[in-house]
Every structure is written in structure tokens, then in C-alpha cells.
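Enquirer: Residue strings, one per chain:
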Amino acid sequence: MLFGYTEEQVAHFGLTWGLTGFIVLMLFIIWRLARESRAGRLGTFVLFFVLAFGMLGFIAKTVMQFFMER
Amino acid sequence: MPTVLDLPLRETDGPPVRRIGFGQLLACIAQGVKDVRAAPAPALLHGLLVAAFGWIVWALGLSWPWLLPGAFSAFVLVAPILATGLYEVARLRELGRRPGVEDALGTWLRGTRPLIRLGLLLAACGLAWSAASALLFMAFVPGLEAEPTAFLRYVVQGQGETLFALWTLAGGLGGALIFALTAVSAPLMLEREIGFRRAMATSLRAVGENPGVMALWAAIILAATYVGIATAMLGLIFIVPVAGCATWHVYRALVDATAWPLRR
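Those protein sequences? They're chains A and B, same order as listed.
If you use this note's numbering, the first sequence corresponds to residues 1 to 70, in order.
If you use this note's numbering, the second sequence corresponds to residues 71 to 334, in order.
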């Protein structure tokens, strides 16, 4: 027990909020870089990239699921 | 007939960049295939080295499974610097020469300062990503030490939905950032006397002017890398050299750096 929370609760808090904070930090870095380098539609690229990355990740996950559950 | 080199340029502080279409991206990839067929020895040597690196990471992963997810992601991050020899192969071919193994190795040994800085930055990002992923999986996936495939089972079989989504989002953002910074900066620094920061800013502008085409290019590289890894690294022997040489042609299509002096 830590400040009245179980280890599991602390771990869950660290995972979700820690990663979320990390994501926000990266968004801020990308925003600043895009402004400083006057990189036009860098935001559009980032959006496309994350979508493609997520889709490929999901496909890879589905393929692995198929092979592991057979 | 006008070629890609006649397209209008977008002027700013650094070398101007062009807008290109999807057709030109495909032409660059086709050019990469031609380069590999014309100079198989130096090209395939790079593919083989990367595949060997993959096998080592895999062997390590069997003993320390929590290293795996991060190590493979890190692998993609450090790739642009590993591909330096391939840019040289494509560059020499463009100049009408027949590049050999010694030309590719020469580029590695020459290692100009901005290229080394880029390599160090990429390696640092790769290490940070590996370490963060390893910590994440070690801390939150139960029974990971017991079984090498436990992390796959955890992520794949549904218990790790939130973890998977957040990891994908964080990885996607980091990957987009690294890709945008390095898409053309490594070949640019190899060819021209240009500073590290300016080369990176040029890369960001080139990607910002071509968000659709460059996102497709990134997706192609990512998907090809997955296929390479899924074929027990054997596919990487061919995929890495083609992607490396094509990156050179993408750089030539996107950036007009003629105002900057040639290196050497």
C-alpha cells in the first residue's frame, strides 16, 4: 500500500497518465518544430502517419492472433 | 518532356523543396530496384548486415523477451544511418559510375560530422524507445519472465487493449517525428556541405509540403519492414537495399540543394 493505493492502482495510474503525458509532450515537440521550420502541412502528415501506423499495428495484431489461436 | 527536376520550388531559409506526386514516388522505388540489380554486391551486403543484426536481436529476445518490442521498433529508427552506404551506391549510379563494396564501406568510414550527429541522435532515440518499451512491458505484463511469447499473448489476446492503443499512439507520434526529421536529411548531408539543423529543417519542410505522398512512403517502408521481419529477416536482405536506394531518389526529387557545395 502506498498513500492508500494498491500497487496495481499505482501501476495503472502510471501507465495511462504517464503514457498520455508522453504523448502530449511529443505533440508539443511536433507543433514547435512545424512552426519553427515553417513546414506547411506537417500536422497532416503526422495525422496520416499515426493512422497508418495504427492500422498496420492492428493488422499485424490480427495476423498474430490468427496464428496463435490455431 | 518536363521531369521532376523542373517542378516549381518552395523557397525558404535552407535548400528549396518541391511538391511531388504519387507517380514520382513509385518511379523512385522502381529506380531503387534498378540500382540494386545493377550493383548487387554492395547493395545486398547492407541487406545481409541488417538481417544479421535482426537475428542477433531475436536471439537476445529469446533470453530477455521484454527487449523485443522496443528493439524491433528501435531498429526502424536507426535504419536511415545504416543506409548511408546505399545512398552512396545510388548517388554513384546516378553519376554513371559502377559502385563497388569499397565505395559503400568508404562512406561508412568517412563519417562526416553532421552524419555522426544524426546517427547519435537516432541511436539515442532508439535506445530511449527500447528502454521505455521494455520497462512498460516488464512492469505491466504478468508472467513475462516465464515465457518468451507472453508479451505477444498479452497484447494479441485482448487483455492489453489500452496498453496496445496507447503504445501504438506513442510509437506512431515518435515514428512520425523521426521520419519527418530524417526522410531526406541523411542523403542531403551525405551529398552537400550543410549543417545538421538546416538539413533537419529541410526534411521537415519537404515532408510538410508533401504530407500524403510522404505518409504513403512511410507506410510502404513500415509494411515492407514487417514483411521482412515476418520472413525470419530473409526479406530484409532485399527490402533494405531497395528502400535505401529509393530514399536517395526521393531526396533528389524533393530537394534542390545545388546552391550548397558538394561534400569532399
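None of these hints come from the bench; they were simulated from the model.
Hints should not be assumed to be uniformly reliable.
Unchecked claim - Non-contacting residues of chain B with respect to chain A, defined by C-beta distances greater than 12 Å in every case (computed):
hint : residue
1    : 89
2    : 107
3    : 249
4    : 271
5    : 300
Unchecked claim - Stretches of chain A that chain B covers, calculated by requiring three or more beta carbons in the stretch to come under 8 Å of a beta carbon on chain B:
hint : stretch
6    : 17-23
7    : 32-42
Unchecked claim - Under 8 Å between C-beta atoms, here's a sample of chain A residues computed to sit facing chain B:
hint : residue
8    : 28
9    : 29
10   : 56
11   : 61
A virtual CB, placed ideally from N, CA and C, is assigned to each residue, including glycine.
Enquirer: Each hint: holds or not?
Expert: Structure-based check of all given hints:
{"no.": "1", "hint": "89", "result": "violated (10 Å)"}
{"no.": "2", "hint": "107", "result": "holds (28 Å)"}
{"no.": "3", "hint": "249", "result": "violated (7 Å)"}
{"no.": "4", "hint": "271", "result": "violated (4 Å)"}
{"no.": "5", "hint": "300", "result": "violated (8 Å)"}
{"no.": "6", "hint": "17-23", "result": "holds (count 4)"}
{"no.": "7", "hint": "32-42", "result": "holds (count 9)"}
{"no.": "8", "hint": "28", "result": "violated (11 Å)"}
{"no.": "9", "hint": "29", "result": "holds (7 Å)"}
{"no.": "10", "hint": "56", "result": "holds (6 Å)"}
{"no.": "11", "hint": "61", "result": "holds (6 Å)"}
Of the numbered hints given earlier, the model fails hints 1, 3, 4, 5 and 8; all others are met.
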